[in-house]
Amino acid sequence: MKRLRRTMLFMPGNNPGMLQSAGILGADSIILDLEDAVSLTEKDSARILVREAIKNLDYSNVELVVRVNPITTEFALKDIDVIARVKPDALMIPKATEEELKTIDEMLINIEKEEGFDAGSIKLIPIVETAYGLQNVYNIIKSCDRIVAVLLGGEDLTSDLGIKRTKEGEEIFYARNQVAIACRTMKVDSIDTPFTDTNDFEGLEKDTRKAKSLGFTGKAAISPKHIDTIHSVFAPSFDEIKHAERVLTAMEEAEKEGKGVFSLDGKMIDAPIINRAKNTVELAKLLSLT
Amino acid sequence: MEINKPSKAGTMESNDIYVMLMPNPKGGIEINLQSIVMKQFGEEIEKVILDTFKELQVENVIVNAQDKGALNYTIKARIETATKRAAE
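One line per chain: the protein sequences are A and B, in this order. Take our numbering: the last position of the first sequence gets the number 290, and nothing is skipped along the way. Take our numbering: the last position of the second sequence gets the number 88, and nothing is skipped along the way.
FYI, nobody ran anything at the bench for these hints, they're computed from the structure. Small disclaimer: the values here were computed from a predicted structure and weren't measured. Glycine included, each C-beta is placed from N, C-alpha and C at the ideal position. Some hints here could point you the wrong way.
Short derived list, chain B residues pointing at chain A, Cβ under 7 Å [as the list claims (entries may be wrong)]: (1) PRO6; (2) ALA9; (3) ASN15; (4) ASP16; (5) TYR73; (6) THR74; (7) LYS76; (8) GLU80; (9) THR81.
Okay, the calculated beta carbon distance ranges per label pair [to be verified]: (10) B:ILE31 / A:TYR138: 55 to 61 Å; (11) A:ILE163 / B:LYS39: 56 to 62 Å; (12) A:ASP160 / B:GLY69: 53 to 59 Å; (13) A:ASP58 / B:LYS39: 24 to 30 Å; (14) A:ASP145 / B:ILE31: 44 to 50 Å; (15) B:GLU30 / A:LYS187: 58 to 64 Å; (16) B:VAL37 / A:GLU99: 46 to 52 Å.
The calculated lysine to aspartate or glutamate pairs, modelled on EDC-like cross-linking and capped at a C-alpha distance of 20 Å, are [said to hold, decoys possible]: (17) A:LYS278 / A:GLU255; (18) A:LYS142 / A:ASP160; (19) A:LYS43 / B:GLU88; (20) B:LYS84 / A:ASP44; (21) A:LYS278 / A:ASP228; (22) A:LYS187 / A:GLU205; (23) A:LYS102 / A:GLU114; (24) A:LYS267 / A:GLU240; (25) B:LYS47 / B:GLU30; (26) A:LYS242 / A:GLU282; (27) B:LYS84 / A:ASP81; (28) A:LYS55 / B:ASP51; (29) A:LYS187 / A:ASP145; (30) B:LYS8 / A:ASP44; (31) A:LYS187 / A:GLU74; (32) B:LYS5 / A:GLU42; (33) A:LYS78 / B:GLU88; (34) B:LYS8 / A:GLU42; (35) B:LYS84 / B:ASP51; (36) A:LYS242 / A:GLU253; (37) A:LYS55 / B:GLU55; (38) A:LYS78 / A:GLU112; (39) A:LYS187 / A:GLU98; (40) A:LYS87 / A:ASP118.
Take these sequences, add in the hints, and give me the full structure.
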């Protein structure tokens, strides 16, 4: 069954209380963070704590992702070696490049062999958050078979571009398009940058709708308070589900009658509309909305 | 592992444990534990600390620990971190 990634919730990797509650907050995926949420002097401590949390806590109802440190830092290789051995669902790679992902893929091939894991079972989610990464997003996705999604990192990207990050997000319009289209082309999930104002729910909804309208399949969150709003935006509405079901019923009837093209409510129904209807119904079933 | 120098790990936040390790010139493992759940779980916490030292082959150490309701995995992680820092 397809895995939902409507929300990916960041949790600081050196905070035991948050690691304990991470799995029950309602997010589809949780990202135990060894990078930005951990100070330079506590990288060793967070790595060991996250390893023990994965070994001992129950995260079976969420997708478990660990964000390691950038491969250009002294921490990354240790992070990958220690964390991959307790088999998270995926590793999130900051400021990823095609070359780095190939190196990480080779590391994981060896670790999976040594630990007796299925080959390719640990997935990778690169973060596109540099101008270089943005321009190479297709190659990043193609770098290895482990890539299941891409996260757009708006804060670091705008910092790299030397431009101001705003709540409205016009400055990342091009980047959002580039990532969403590349991901759709390569059939992986596209995850939008988190909305950083934890108390502005109206702004969050607007921002999430914008991302969805550009083709994103999910959104990262830095607060559990954001989960419900994001889920409500990514869920199909009652009217959308009903319409999709009618399209599929009409399609079945047309097929019985040997018609290639048919109409519903006076509008011609063709392959793109049928595909959209199938996706809507599939998503509604996953969300138990039908 | 040898405890070569003083080290610490963890925080005083709830669900965590703050541990300080020191070399023990007298030899052996000495545990000084304070916990908000001392009556209920004091023995269990000491057991986790001792088991972790055994796993890491630490035989001589003084531990001062202030527990704020840490689960076993946190106690183990903080002891391991402090031990590795002390062994550097």
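Verification of the hints:
1. The beta carbon of PRO6 (chain B) comes no nearer than 15 Å to any beta carbon in chain A, farther than 7 Å, and the hint placing it at the interface is violated.
2. Interface restraint check: ALA9 (chain B) against chain A, minimum CB-CB distance 5 Å, threshold 7 Å, status holds.
3. Because the closest C-beta pair between ASN15 (chain B) and chain A is about 4 Å apart, less than 7 Å, the hint holds.
4. The criterion of a C-beta within 7 Å of any C-beta in chain A is met by ASP16 (chain B), whose closest approach is roughly 5 Å, and the hint holds.
5. Here the hint on TYR73 (chain B) is kept, as its CB sits about 4 Å from the closest CB of chain A, short of 7 Å.
6. Of the supplied interface hints, the one on THR74 (chain B) holds, with its beta-carbon coming within about 4 Å of a beta-carbon of chain A, less than 7 Å.
7. The beta carbon of LYS76 (chain B) is positioned within 7 Å of a beta carbon in chain A (closest approach about 6 Å), and the interface hint is therefore held.
8. Among the interface hints, the one on GLU80 (chain B) holds; its C-beta lies about 5 Å from the nearest C-beta in chain A, closer than the 7 Å criterion.
9. Hint on THR81 (chain B) holds. Least Cβ distance to chain A is approximately 4 Å, under the 7 Å limit.
10. Between ILE31 (chain B) and TYR138 (chain A) the Cβ separation comes to about 56 Å, which falls inside the hinted range of 55 to 61 Å.
11. Evaluation of the 56 to 62 Å hint for ILE163 (chain A) and LYS39 (chain B) yields a pass: the beta carbon distance comes to about 58 Å.
12. With their beta carbons about 41 Å apart, ASP160 (chain A) and GLY69 (chain B) fall outside the hinted range of 53 to 59 Å.
13. Restraint check, ASP58 (chain A) to LYS39 (chain B): a C-beta distance of roughly 27 Å satisfies the suggested window 24 to 30 Å.
14. Between ASP145 (chain A) and ILE31 (chain B) the CB atoms are about 49 Å apart, so this pair conforms to the stated range of 44 to 50 Å.
15. Between GLU30 (chain B) and LYS187 (chain A) the C-beta distance comes to about 59 Å, which sits within the given range of 58 to 64 Å.
16. For the pair VAL37 (chain B) and GLU99 (chain A), the beta carbons lie near 50 Å from each other, so the given range of 46 to 52 Å is met.
17. In summary, the hint linking LYS278 (chain A) to GLU255 (chain A) is supported, as the alpha carbons are separated by about 16 Å, within the 20 Å threshold.
18. Distance restraint check for LYS142 (chain A) and ASP160 (chain A): the Cα-Cα separation of roughly 23 Å exceeds the 20 Å cut-off, and the hinted pair is therefore not satisfied.
19. With a CA separation close to 15 Å, the supplied pair LYS43 (chain A) and GLU88 (chain B) stays within the 20 Å bound.
20. A threshold of 20 Å between alpha carbons decides the hint, and for LYS84 (chain B) with ASP44 (chain A) the separation of about 9 Å falls inside it, so the pair holds.
21. Using a Cα cut-off of 20 Å, the hinted pair LYS278 (chain A) and ASP228 (chain A) is violated, with the two alpha carbons roughly 24 Å apart.
22. Between the alpha carbons of LYS187 (chain A) and GLU205 (chain A) the distance comes to roughly 25 Å, so the proposed pair goes past 20 Å and is violated.
23. At most 20 Å may separate the alpha-carbon atoms for a hinted pair to count; LYS102 (chain A) and GLU114 (chain A) meet this at roughly 19 Å.
24. This hinted pair checks out: LYS267 (chain A) and GLU240 (chain A) have alpha carbons roughly 16 Å apart, not beyond 20 Å.
25. A C-alpha spacing of about 12 Å is found between LYS47 (chain B) and GLU30 (chain B), which places the hinted pair at or below 20 Å, so the restraint holds.
26. Using a Cα cut-off of 20 Å, the hinted pair LYS242 (chain A) and GLU282 (chain A) holds, with the two alpha carbons roughly 13 Å apart.
27. Restraint check for LYS84 (chain B) and ASP81 (chain A): satisfied, since their Cα atoms lie roughly 17 Å apart, inside the 20 Å limit.
28. Among the hinted pairs, LYS55 (chain A) with ASP51 (chain B) is consistent with the structure: their alpha-carbon atoms are about 16 Å apart, no more than 20 Å.
29. Annotation: proposed proximity of LYS187 (chain A) to ASP145 (chain A) holds, straight-line Cα distance about 12 Å (limit 20 Å).
30. Between LYS8 (chain B) and ASP44 (chain A) the CA atoms are separated by roughly 12 Å; this keeps the pair inside 20 Å, and the hint holds.
31. For the hint pairing LYS187 (chain A) with GLU74 (chain A), the CA-to-CA distance comes to about 33 Å; that exceeds 20 Å, so the pair is violated.
32. For a cut-off of 20 Å, the pair hint linking LYS5 (chain B) to GLU42 (chain A) stands: about 18 Å separates their Cα positions.
33. The suggested pairing of LYS78 (chain A) with GLU88 (chain B) holds, with an alpha-carbon distance near 16 Å, which does not exceed 20 Å.
34. Of the pairs offered as hints, the one joining LYS8 (chain B) and GLU42 (chain A) holds, with about 11 Å between alpha carbons and a cut-off of 20 Å not exceeded.
35. Using a Cα cut-off of 20 Å, the hinted pair LYS84 (chain B) and ASP51 (chain B) holds, with the two alpha carbons roughly 16 Å apart.
36. For the hint linking LYS242 (chain A) to GLU253 (chain A), the alpha-carbon distance of about 17 Å falls within 20 Å, and the restraint holds.
37. Under the criterion of a C-alpha separation no larger than 20 Å, the hint pairing LYS55 (chain A) with GLU55 (chain B) is consistent with the structure, at around 16 Å.
38. A hinted pair counts as satisfied when its Cα atoms are at most 20 Å apart, and LYS78 (chain A) with GLU112 (chain A) qualifies at roughly 16 Å.
39. Distance hint between LYS187 (chain A) and GLU98 (chain A) is fulfilled; the C-alpha atoms sit about 17 Å from each other, no more than 20 Å.
40. Between LYS87 (chain A) and ASP118 (chain A), the direct Cα distance comes to roughly 10 Å. Compliance with the 20 Å bound is thereby established for this hinted pair.
In the structure shown, a violation is registered for the earlier hints numbered 1, 12, 18, 21, 22 and 31, in ascending order.
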